[in-house]
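Chains as they are written, first to last, in this note's numbering: chain A, 75 to 240; chain B, 80 to 393.
Hints are computed from structural coordinates only; laboratory data are not their basis.
Bear in mind the structure is a predicted one, so any value in this text is a computation, not a measurement.
You may find that some hints are simply not true.
Partial chain B-side listing against chain A, Cβ under 10 angstroms, derived [as the list claims (entries may be wrong)]:
| no. | residue |
| --- | --- |
| 1 | Thr160 |
| 2 | Met167 |
| 3 | Leu173 |
| 4 | Glu203 |
| 5 | Arg210 |
| 6 | Leu260 |
| 7 | Arg362 |
| 8 | Phe364 |
No residue lacks a Cβ here, since even glycine has one placed at the ideal position from N, Cα and C.
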Amino acid sequence: MDKIIPISVELFVNLAAFVVLFLLLGKFAFPSITKMMDERASKIRESLEKAEDTRVEAERLLDEYKVQMAEARAEAAQVIEQGRKVAESMKAEIVAKAKVEAEAEKTKAIEAIKAEKAAATAELQREVADLSVAVASKIIGSSLTKKDHEALIDKYLAEVGSLNEN
Amino acid sequence: MSGTTAEPAEGEVTATEEVEGHGGEEQEYTLSSRIEHLNHELSVLALWGPLEEQQAEHAEPMSVVSSSWNLGSLASNFTLTNYTFWMMPAVLLLVLFFMAARSAAKVSLAKADYVPKGILNVAEAGVDLVRGNICTDVMGPEGAKYFPFVGTVFFFVLFNNLLGNIPPALPGTGTLGTTFLWGIIVFVVYNGIGIKKNGLGRYMKSFIPSGTPGAMKPLIFLLEIVSHFLRPITLGIRLYANMYAGHIMLGVFAIFCAVAIKNFTPVGAVVLPLSFLMQVVLRAFELFVAVLQAYIFSILTAVYINGALHAAEH
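Isolated chain B (complex conformation):
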């Protein structure tokens, strides 16, 4: 269970069902009770604030969004959940990392010492990947202009994904609240770039490919609009599902280990080493997925921006 226990949930949580879950942890080591517990801990749980209200609204999704626009409850809108709680150290680490790299860059520049070393070297490797292999390769030389945005997206996703691999932490990207919002940010930014570059009229017109028969135009336009609006959703769900599923897999094999140790049987003697092996293999695979998903998320961002930039050409 080590990989999936949401540590902060223990102190802060006030929900009765959560407390019950912890009580049961001490006594029951049956597979089903542990999996139920895992399912609970991987669910999005508010850590403080109007918890019952949130959990209740959860059942009716539309009312959640509408109630959030009540400015009176601004503070409650910043309630952390078990996922966004872990987003904070990831963001903090990200900022500290790049601030350290920035000061190293400043010092090196002031000394005209161009030999890359230390933290700056690591940061430059990342920056070069995003700026060279994602921005410039996808968008051409002008792509470097959009590096600050794409880089912010890439490093945010990367740091969250990676932090989720350190046992008590959950990935900040393991919840749709995070990934969908970042999908929306990408959606707003790439459409904004497209409109700024082409003008609203030409940008909208680009949704209908040239040579479309007149009667088909409204349908094609509608389809294009739908496909554009699907982009943030697919971006969000792809990343969320990868991170969430990875942690479910880790959790399941960790539960196998725990149950096999607690209720030792001949079957357990076979299951335990295999589950432990899977735990190790999946850890490595999760590291790979963490980097891969960050890459996919940001390269799609670059592709969308590129499409918006050259909207008038097709």
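Excised from the complex, chain A in its bound form:
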């Protein structure tokens, strides 16, 4: 029975222990530790929120950059396309111009050749006429009158001319 009756001296020592402990721990040590824990908790919460914000921001930026990248690509393609078109049109122009010039040169050359040919033909006719008159005079002598003379030339010229036309 005496083992379940508390002994008074132990009560007082324990009361003193409680008072000392409650003052030292409850009022002195615990607040510092709980303050540390609370501050850490708020710090971690803050950091997590900040990290979340940063992640969202990063994602937004990434999307933005993707859009910009796509735009830049499209623009570049457009520029290249445009450049090719310009080049092609320039090429066509140059070729056309060259063709026109070549045609003009050719025409000019042909005309020059024609003129040369006409001049040469006229020269030849005249030469032939003179020569034939001279030949005829030699053969017939001066018996031919002026009138006969001219008639002969014309006849001959007509012959030569018809030959020339063939």
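Knowing the structure of chain A, use the given hints to seat chain B on it.
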């Protein structure tokens, strides 16, 4: 016997029966004499001061309490017993531990270094258990306000229980003087909180549940009062009995070992390894009980405070 020998008793004690007990220890290794010795050493023994007086008053419990109120013998009221002697290093360790953790917390806060480490990490684990799993879980968010008290109770009980597991020491909580007084402190605190929160009238009225028939009211009130006054007693006896019984078990198996070694017989050859095994198992179990009882004591404290806070609601 290593687990249960009360080391301080050897130098300080003046009682003739104690001296005789030590004399007999050298010669007799019979089971009954050792168990008698264990029983003696696990009893509450005053280490100095008016020892004979205390032991004499022990037989008449009421006179012990009344004589304690004599202020003239104030010093004698602080006489240590073999249990409260071991409470001192436990309290000292507890204070040193939390002071070290406190200064670590201060240093960390000043440096804005929030990485938990070292002693502070250990202290925070304990504080978080009491504040989170005991106070806040039982009492809700406002429970954190009562953490300093519940935490003091928890760590006092925990350190005493654990120190009792280091061989020469006895647990400071292994005597009713300690556990009953802490039960009374809890009783005073939770009733004080209840009265402060609800006012004396409403708090007393809450002892009668609403809807009680008129004729039953005095009986119910009486029963409630009795149940409230039983709380410190049950708190005290639960903790005391657990710690005391644990040390009796350890002591008994240690005696089996000692007697089996001293008087070696075929039976002893079987008893010795089994007793040693039990000693090991019980040591582990005592560590578990030490933490569990601290948890139970403080969670009941939290439950009582919670009941007092919400007394007006039922």
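Here's how the hints hold up against the structure:
1. Because the smallest distance between the Cβ of threonine 160 (chain B) and any Cβ of chain A comes to about 6 angstroms, under 10 angstroms, the interface hint for this residue holds.
2. At its closest, the beta carbon of methionine 167 (chain B) sits 8 angstroms from a beta carbon of chain A; the interface hint therefore holds under the 10 angstroms criterion.
3. Checking leucine 173 (chain B) against chain A by beta carbon gives a least distance of about 7 angstroms; that is within 10 angstroms, so the hint holds.
4. Proximity of glutamate 203 (chain B) to chain A holds as hinted, the smallest CB-CB distance being about 6 angstroms (cut-off 10 angstroms).
5. At a threshold of 10 angstroms, the smallest CB-CB gap from arginine 210 (chain B) to chain A is about 7 angstroms, leaving the interface hint in force.
6. For leucine 260 (chain B), the interface hint holds, the least distance from its beta-carbon to any beta-carbon of chain A being 4 angstroms, beneath 10 angstroms.
7. Because the beta carbon of arginine 362 (chain B) sits about 23 angstroms from the nearest beta carbon in chain A, more than 10 angstroms, this interface hint is broken.
8. With 10 angstroms as the threshold, the beta carbon of phenylalanine 364 (chain B) stays out of range of chain A, its nearest partner Cβ sitting at about 22 angstroms, so the hint is violated.
Violated hints for the displayed structure, listed by number in ascending order: 7, 8.
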